[in-house]
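S.K.: Sequence:
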Amino acid sequence: MAMEKTQPTLPGQDRILVTEYATPPMADLMRTIGLFFMDTAGNAYINKPPLYVFIKGNKRPENLKPAPTKRLFKPAGLKVVFALLTNPQMVEWPYRQIADRTAVALGTVDWIFRDLKEMGFLLEMGNRRRKITNPLTLLKRWVEAYPEQLRPKLGLARFKADDPDWWKDIDITGYNACWGGEVAAAKLTKLLKPAEVIIYAPEPPGKLIIEQKLRKTTAGDIEILKPFWTFDHEFDAIGIAPPILVYADLMATGDDRNIETAKIIYDTYFAQPDRQDR
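Following the numbering used here, the numbering of the sequence shown begins with 65 at its first residue and continues without gaps.
For the record, the hints were derived by calculation from the structure and aren't laboratory data.
Take the hints with a grain of salt, since some may be wrong.
Keeping only pairs whose Cα atoms sit at most 30 Å apart, straight-line, the calculated DSSO-like set for lysine-lysine is [to be verified]:
#1 Lys224 - Lys254
#2 Lys290 - Lys271
#3 Lys217 - Lys143
#4 Lys257 - Lys224
#5 Lys327 - Lys112
#6 Lys251 - Lys271
#7 Lys251 - Lys143
#8 Lys290 - Lys251
#9 Lys181 - Lys217
#10 Lys123 - Lys112
#11 Lys251 - Lys217
#12 Lys232 - Lys327
#13 Lys138 - Lys195
#14 Lys277 - Lys254
#15 Lys232 - Lys254
#16 Lys134 - Lys224
#17 Lys257 - Lys277
#18 Lys195 - Lys143
#19 Lys224 - Lys277
#20 Lys290 - Lys327
#21 Lys224 - Lys327
#22 Lys134 - Lys290
#23 Lys254 - Lys138
#24 Lys277 - Lys143
#25 Lys254 - Lys134
#26 Lys138 - Lys327
#27 Lys257 - Lys280
Make a model of the complete structure from these sequences and hints.
M.R.: Structure (structure tokens):
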């Protein structure tokens, strides 16, 4: 976001983000993580009892044009940032190894790291030692950019099932696939009742489609998306996408119940005491 800054505006330790414009998904995200904000369109979130303000959806003022999207938050950059957030130790790998693991060009990794440093997300400590800084802010920016820049390129097909609970007893790992979105969140939190299903698979899993009698339709609530990562992670064995992606899937829906579940996932997996921008 252009011209953003954080200023102390309320008594005590609370701080507020002042920015040109917050999109509705961005407003939801900032409310979810407890970040107070206000923008020039009149959107705001402040929760300081007895004061509570949450306004979203006001349109961007016509005299403010959106800043160009940084290369870091375009598809190739998002793939690498996702890998770094999911596997923090990867930041110290040689660029060629990172390029191979994320399936992006070697030259692309070079400018991604330059952008990370320029934007304050990378600390270089010498002897090839590097560290991601402000990881929660970087996560917020990734979650904001993912639905617009990368996700639209992943869609393979949509399907529908007669039984809304068809997914409950499925071992998705047997189909070279994993759960994302609401189903993954339901399995991680045991709270959400999924209304839509996201499956990440290199191609529509034919065996699963036949066994579960899934019908292909553009209006289906079962969406097959192509994975954009190739590295292993701790949730592979249970067939769940990395929590960062599950969180982003939920936030992208704009649905209140999904956003509440996203907050639980955020608090469980990301808001750790050792995070520098907690």
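S.K.: Verify the proposed pairing of Lys254 with Lys138, using a straight-line Cα cut of 30 Å.
M.R.: Violated, because 33 Å separates the two Cα atoms, which is more than 30 Å.
S.K.: Checking one constraint from the list: CA of Lys290 to CA of Lys327, max 30 Å. Satisfied?
M.R.: Satisfied, since the Cα-Cα distance of roughly 25 Å is no more than 30 Å.
S.K.: For the pair supplied as a hint, Lys254 and Lys134, is the alpha-carbon distance within the 30 Å limit?
M.R.: violated, 37 Å
S.K.: Has the given pair, Lys138 with Lys327, been kept, meaning a C-alpha gap of at most 30 Å?
M.R.: holds, 25 Å
S.K.: Is Lys181 within 30 Å of Lys217, Cα to Cα?
M.R.: Given that 30 Å is the threshold and the Cα spacing comes to 27 Å, the pair holds.
S.K.: Is Lys195 close enough to Lys143, meaning Cα to Cα at most 30 Å?
M.R.: holds, 18 Å
S.K.: Sort out whether Lys224 lies within 30 Å of Lys257, counting only the CA atoms.
M.R.: With a Cα-Cα distance of about 17 Å, the restraint between Lys257 and Lys224 holds, given a limit of 30 Å.
S.K.: Assess, step by step, whether the Cα of Lys134 is no farther than 30 Å from the Cα of Lys224, and give holds or violated.
M.R.: violated, 37 Å
S.K.: Within 30 Å, alpha carbon to alpha carbon, are Lys277 and Lys143?
M.R.: violated, 33 Å
S.K.: Hinted pair, alpha-carbon criterion (30 Å max): Lys224, Lys277. Please report holds or violated.
M.R.: Judged against 30 Å, a Cα distance of about 9 Å means the pair holds.
S.K.: Hinted pair, alpha-carbon criterion (30 Å max): Lys224, Lys327. Please report holds or violated.
M.R.: The hint holds at about 28 Å.
S.K.: Are the Cα positions of Lys224 and Lys254 separated by 30 Å at most?
M.R.: holds, 23 Å
When held up to the earlier numbered hints, the structure conflicts with 16, 23, 24, 25 and fits the remainder.
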